[in-house]
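**Student:** One letter stands for each residue in the lines below.
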Amino acid sequence: AQSVTQLDSHVSVSEGTPVLLRCNYSSSYSPSLFWYVQHPNKGLQLLLKYTSAATLVKGINGFEAEFKKSETSFHLTKPSAHMSDAAEYFCVVSPLIQGAQKLVFGQGTRLTINP
Amino acid sequence: GAGVSQSPSNKVTEKGKDVELRCDPISGHTALYWYRQSLGQGLEFLIYFQGNSAPDKSGLPSDRFSAERTGGSVSTLTIQRTQQEDSAVYLCASSLWAGDIQYFGAGTRLSVL
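So the sequence lines, in the order shown, correspond to chains A and B. Just so we're aligned: the first sequence equals residues 217 to 331 in this note's numbering. Just so we're aligned: the second sequence equals residues -2 to 110 in this note's numbering.
Hint data in this document are derived by calculation from the structure and do not stem from the laboratory. Since we're looking at a predicted model, the values are computed, not measured. Glycine is no exception: its CB is placed at the ideal position from the N, C-alpha and C atoms. Please note: incorrect hints may appear among the correct ones.
Partial selection, computed: residues in chain B whose CB lies under 8 Å from chain A [unchecked claim]:
1) L18
2) L93
3) A95
4) Q99
5) G102
6) G104
So here's chain B without its partners, still in its complex pose (with noise of 0.2 Å):
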């Protein structure tokens, strides 16, 4: 079956623009996770939904990083005035429950120029 998918796959934008990225999770989990990946900080982790819902959104590094989820399923995380420290790969995972296996899609490396 479908794994979960993030589009797009690489991102190019300048420095003070928006980006918004998506997450498909794999049908019927009802939990979504955002982690980012980048060189100084490794695998950190941003948000996490249960259904549209988000009881941890610790991770998110400031005011210009948000995210939701519609409809119990596609998620977008955006960032606003990005910066070039928001350079890294932006990974999407999706579990059948909270407490079950993750599984992670293949990310979304984002360049702020």
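Just chain A, same shape as in the assembly (with noise of 0.2 Å):
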């Protein structure tokens, strides 16, 4: 069976400085990863996505995310947060061998940014 565990319910930091948002894993297969973010009143957007091309992951608005299978982790930083980075992030496994069909959630991170 997969999972997903988010370290944090919550994290705030100032504006401009790093985020750092926790994510582990487990998983029977070689999984896919991915995290979401949601935005109050709106649907859930795909930030990134770890599909075993590369262990460094580029997503939109500055996020990376590290797939590092020793540690069993997909964590999601970016070097500067910004005002409009403040949402709830999810980590996200789904199994390879079925594809995408069935997405299992984390319990989510909520990113507070402080002015």
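Two chains, two frames, some hints: make the complex.
**Tutor:** Here it is as structure tokens:
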């Protein structure tokens, strides 16, 4: 079975400082891993996707994530936070063996940006 | 182009009533998914369609929940005899093919009084 654990339910950073949102996964197979972002009253938007092509994945809005198999981690980072980054972030796993029919979501991390 | 559209955006109903939630996927997308987002359970998979058939409906929480898809396009999620624990945001997503990136709608917020 596949699962993800987001290690922080809430992260607060100052504008212009780095962002780190932590995610650990569990998967019996080589998984696809995603980060999605959800702004208030908006749908989920894909930030980035890992599918084994490269361990460092670059996404939209300056975000990137590094796949570390030895640590079963897929942490999301951004060098400099912007006020518009305030949102809920979800780490997601999906088994490659069946395709992405069923996304398994982490519990989410709420990111707050302080001016 | 148009994204995934869900209607209504908000629905308030009385316990015991039936409700229908609608999803219009992105044109040409063959796969369609329903998820539920609630405070207690987070985001959960409900059902997946490939074309008009549902190969995976393992996430439907009870037999009060059903879904159909017609013409390989619009899908309707029906909840019969609603209960207060059904209150949640119901999200729909579509993808060009099963295994491709899923694009989400803004959701329907269901409140059961």
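**Student:** Give a verdict on every hint.
**Tutor:** We went through each hint and held it up to the structure:
{"no.": "1", "hint": "L18", "in the structure": "14 Å, violated"}
{"no.": "2", "hint": "L93", "in the structure": "11 Å, violated"}
{"no.": "3", "hint": "A95", "in the structure": "5 Å, holds"}
{"no.": "4", "hint": "Q99", "in the structure": "6 Å, holds"}
{"no.": "5", "hint": "G102", "in the structure": "5 Å, holds"}
{"no.": "6", "hint": "G104", "in the structure": "6 Å, holds"}
Of the numbered hints stated above, those contradicted by the structure are hints 1 and 2, listed in ascending order.
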